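Protein chains: 4
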Amino acid sequence: MKTSGDKTFRIGIAGATGYTGEELLRLLAGHPFAEIAFLTSEKEQGQPARAVFPQFTFLAERRFISARQAADVEADLVFLCLPHGQSAQLAISFIEKNIKVIDLGADFRFYNADDYKKWYQQEHPFPVLLRTTVYGLPEWHRDDIKKAVYVGNPGCYPTSVLLAVLPFVAGGLLGSGPVIIDAKSGVSGAGKSPAPATHFVSVNENLNAYKPGRTHRHVGEMEQEIALVFGQLRRVIFTPHLVPMSRGIFSTIYLPLNKSRTKEEFLVILHEKYDAEPFVHVLDDQMPSTSMAAHTNHCFLSLEAVPGTDYAILFSAIDNLGKGASSQAVQNMNLMLDLPETAGLLSAM
Amino acid sequence: MKTSGDKTFRIGIAGATGYTGEELLRLLAGHPFAEIAFLTSEKEQGQPARAVFPQFTFLAERRFISARQAADVEADLVFLCLPHGQSAQLAISFIEKNIKVIDLGADFRFYNADDYKKWYQQEHPFPVLLRTTVYGLPEWHRDDIKKAVYVGNPGCYPTSVLLAVLPFVAGGLLGSGPVIIDAKSGVSGAGKSPAPATHFVSVNENLNAYKPGRTHRHVGEMEQEIALVFGQLRRVIFTPHLVPMSRGIFSTIYLPLNKSRTKEEFLVILHEKYDAEPFVHVLDDQMPSTSMAAHTNHCFLSLEAVPGTDYAILFSAIDNLGKGASSQAVQNMNLMLDLPETAGLLSAM
Amino acid sequence: MKTSGDKTFRIGIAGATGYTGEELLRLLAGHPFAEIAFLTSEKEQGQPARAVFPQFTFLAERRFISARQAADVEADLVFLCLPHGQSAQLAISFIEKNIKVIDLGADFRFYNADDYKKWYQQEHPFPVLLRTTVYGLPEWHRDDIKKAVYVGNPGCYPTSVLLAVLPFVAGGLLGSGPVIIDAKSGVSGAGKSPAPATHFVSVNENLNAYKPGRTHRHVGEMEQEIALVFGQLRRVIFTPHLVPMSRGIFSTIYLPLNKSRTKEEFLVILHEKYDAEPFVHVLDDQMPSTSMAAHTNHCFLSLEAVPGTDYAILFSAIDNLGKGASSQAVQNMNLMLDLPETAGLLSAM
Amino acid sequence: MKTSGDKTFRIGIAGATGYTGEELLRLLAGHPFAEIAFLTSEKEQGQPARAVFPQFTFLAERRFISARQAADVEADLVFLCLPHGQSAQLAISFIEKNIKVIDLGADFRFYNADDYKKWYQQEHPFPVLLRTTVYGLPEWHRDDIKKAVYVGNPGCYPTSVLLAVLPFVAGGLLGSGPVIIDAKSGVSGAGKSPAPATHFVSVNENLNAYKPGRTHRHVGEMEQEIALVFGQLRRVIFTPHLVPMSRGIFSTIYLPLNKSRTKEEFLVILHEKYDAEPFVHVLDDQMPSTSMAAHTNHCFLSLEAVPGTDYAILFSAIDNLGKGASSQAVQNMNLMLDLPETAGLLSAM
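Residue numbers (the numbering used here), protein chains in the order written: chain A, 2 to 350; chain B, 2 to 350; chain C, 2 to 350; chain D, 2 to 350.
By construction, these hints were calculated from the structure, which means they are not laboratory data. Remember, it's a predicted structure, so these values are computed and weren't measured experimentally. Don't take each hint at face value.
Copies of the same chain look alike in the list, so a pair counts if it fits in one copy or across any two.
[As the list claims (entries may be wrong)] Taking lysine-lysine and the DSSO-like style, the derived pairs with C-alpha atoms no more than 27 Å apart in a straight line are:
| id | residue 1 | residue 2 |
| --- | --- | --- |
| 1 | K118 | K260 |
| 2 | K119 | K8 |
| 3 | K212 | K260 |
| 4 | K148 | K274 |
Chain A with its partners taken away, still in its complex shape (with noise of 0.2 Å):
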């Protein structure tokens, strides 16, 4: 869908054979502005992408390459889609060679490493990088990341609890107690690895929760960025479930709040924050559900006031591989080379 005229960027992927990878070939095949540079697989360097995507025709004869050769490819942005720890290794050689990189995993996302480390159990291999962290949250750091060499692109679970959550703590409505987020993922969330957890016939027909409480690592993102529009710390529990389907994240979220409202005057608050913004949604009369945002860069949000409570109870939908992943990953891209911000983005409507 290029257009002859148009500047083309040249966006490399490293790490381009699991589902952030594949939904970001997906992506950067129709979007306007992007060709693809290089996609590095030090597993499968060598073979040609259609083995491993067959779908993709447009991919036709490329082949993946190393890390190592990729830092002989010229490019204008790198998405890292690595596990924790050698996103940092990789991203210092780009960014030293000017080439912006925005990291899908979670070595960019904390402010610090003291915090890093506790949630990831494993010292920052470059915490002098986190000075200047930027968080890829679009609705909350637009500006930051428009300046941004590099980007932490946020964990999928707090995306879709985040979106919701802020406009009340910015609103000062907080109340006291923790903030209790029970979110719901589909499959891909688990990874592409092989593994017991994600047979089919361990996940079909069943639903159980993981790593409940203040033991996800997703918790210290949330924690973080709430901290920062709080102005203190506010503990959150977390409870993920896994779902029998393949992508979505929906959370529930458990508010306390300081004054009863009525259910409408919560939705201005939601209103007035996200109006203008193309891709959450408010639902006045409507309950989120996963497949409204599948596929899609939409968060789509609603909410009840619990009468004769002091509690409201967000509901917040993703496509964990879309706003939770990848399509937000692109959302950055955009802000970052000066594009448009829905760039590539809108035509899956």
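For this one, chain A is given, so just place chains B, C and D on it according to the hints.
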């Protein structure tokens, strides 16, 4: 599987064509002390039962009859699988003939007619019957069930929630603030009537919440039974979700505590209550999952303490058509007929 | 994604609330040369389109209108997504106004009214229209489609089957005996109206066949198009199956041959026909799967020779709502409006 | 459910951690004449069985032992759930101790070692054992099974196919040309080991074929048993498909006939063969479906004649872990131990 010489009881099912009727049939087929007296369906009366249930070859030539016809059939106990309001009407006719009744609907779950009216938006047809309501949760009302002439079989969500919550209420651990319950159910809980919301394409690859906060009718049952143990009303916030699976309920319960305790201390409370129970199982080191409970009368429980907060998270998994409906009804039948409580319920374990 | 300066065509959709209408909307939203002229629904007329499709935020305040109202709206081309019989009636009114028509139903798929009557058990409303039927399978009728005023968009099963079979018929390889087709479809092929057979609990963890042999209406289309190439009738045995997935058709075709050949010789036949086609892809060493084709206009083909027999087995995978319906309709639209054939259809690859 | 006074047999399971072992455990738990003697697992030896099967509360404190340890445990019959090649080795040790053996693998399914080698690409470890092979399909080899010391339990696909096809072969109706079998299986048929092809995201919303034509090992079994009845080899073309469901096999069989007959005439043939059978059910006016057979030992059959052709289409539905594996193994156990053939197999109907 009936052994000659055993006494068998004649069991009727009113409203036998739905999911709970089907599950009762499956269970009674393997029950050593039960035989089918009749199956009613107003819509299918006169039709062979195997036209609806081709898989139940043991039904041979049996046909559905009307409820009116059933009045002339001898029976020892009748299961009512009817919409609320209809059950009470039909129950009277059986009770007058000294036939015991287990209602899988809501007409005999409340201790007073005001609560029934509040949650079901209609007058109870025979409020006098509610004076001797027995709420058919055997682990908490076993002695009353044994003596009962009619029993209200608990709702699916309340069963999963109350088994987890009540030991802590009884133990005096409940803190201030609402009990927050986030529940997830398979689609059979929505009944067999085709509707846009239960179309395969609507449910598959999708998840959302419905009737959140204090709008679902099962809130009434939960608050009634918690109040019975707690001595006063304690509000519940309850959000059910529809999950792309056929069977199973998983409840995640955020329980406010009056004192911080360790996971081990909490486990003691569950073990003391349930270790002698045949159908409630406490998992110390493992998360329950709905597939564990599928096609059984089991409930699996576990929990986590949340350090730094006054909350514990309880996890409860049942089969919504098993312990959440039909197999719990058979457990109640066994108690009411003075049979071994596990008769016909352990073979599929 | 419309670029200023581009000519855009005004496109109407009649019967826009079903699955094919929804998919057309998704595709037209990203089409560089199309804009929505109107959406009709007799049932939902006057309602906001986003009440049915909350995910299509681009629809903004647009409302459904009646077909009668649509007659007053200017348009260049109309897609008909209506039950057979109704399409032809409405088509006339558009054709008379020089508005081009693509019927996603069956009213313009047959070359004569007898065949229509045979397979649809009713008289064709306007048999004269059938004299210039163009069967909208671009890979086999491209030139006729370009010149057509109205086109019958092929059925989903026939599309998957004919793309695989016709090259061998054209190549003179067809042996004696029936062509045996065993096809498997996702549930969206059964339409959006709720019914017992499409209830989630009926479909999930289940598979069966329906309308086997020569009873499914799509047999007529297949035999018509095979006869057109073969020069005479060749009977088809066709068994469709309902699979617990939302989208996708996989056809397994047992093709009798007049001469044994190697897999490599067969592949040459497919490659010669399709290597220049943008939407039909021949896989030499890999089995197609429906997920490859999901949400695209692609058809993936492969085959195996069966040593020791006179049969080849052909495999064909499409998205039943994509190449099997709406994206093929857009491909036809592109041809009829003299646009690039792939316009709006490659971005999601 | 054991009744005091009944004789119980001690049953061992070698390789008990897989899907067939799990299903055997479920069935034996409810079997009136069976008790568990041992469960082996080389990988999990020493571990509590409930660590693998938390749902089987009846297992209490039982632990897995090694096959070597099992040699010292008294037993009446052993089920082998092991990879081919390993079964025969272990079987010898049990047979020598007069312990009966049912092998759920392929080592005792062939009547001669050449066929075994042809389909399994390895020498049979103890070809002498094959001289007295009994193919454990009770409806066709009941008398031999009753007298057998060891039995080869049929493969899942062959069970579904042979029950449908053999009555027509025996009746002399087979025409010329290959028998074409298009089979669809749930994912448990692929085994419990995690692999890319069985990852939830790979299977969900997807369908494809594998090992088509004459490449799947089960072709050997089918041709052997057809030849036994037909008197000579008749080639089979067989294409299995992987379906997004956990359990169930549906086989659609295109059977060439030597004479055209009506559906009613064909039904007579099936009824005559199977009406006295407890586990094979002929549906006259209804299509079988895999959900009918789920969690049972039943096979449901139906058919259609195809007017104008020399073909009938047969439909066969079983549970691949039921009649296709473990419950058929229990049926064979009942025959070998001179128990009622349906013992422990009808309760879940």
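Outcome of the hint check:
1. K118 x K260: neither (37 Å within a copy, 30 Å between copies)
2. K119 x K8: Neither. Shortest intra-copy (43 Å) and inter-copy (57 Å) distances fail the 27 Å Cα cut-off.
3. K212 x K260: between (32 Å within a copy, 23 Å between copies)
4. K148 x K274: The answer is within: 22 Å in one copy meets 27 Å, while 51 Å across copies does not.
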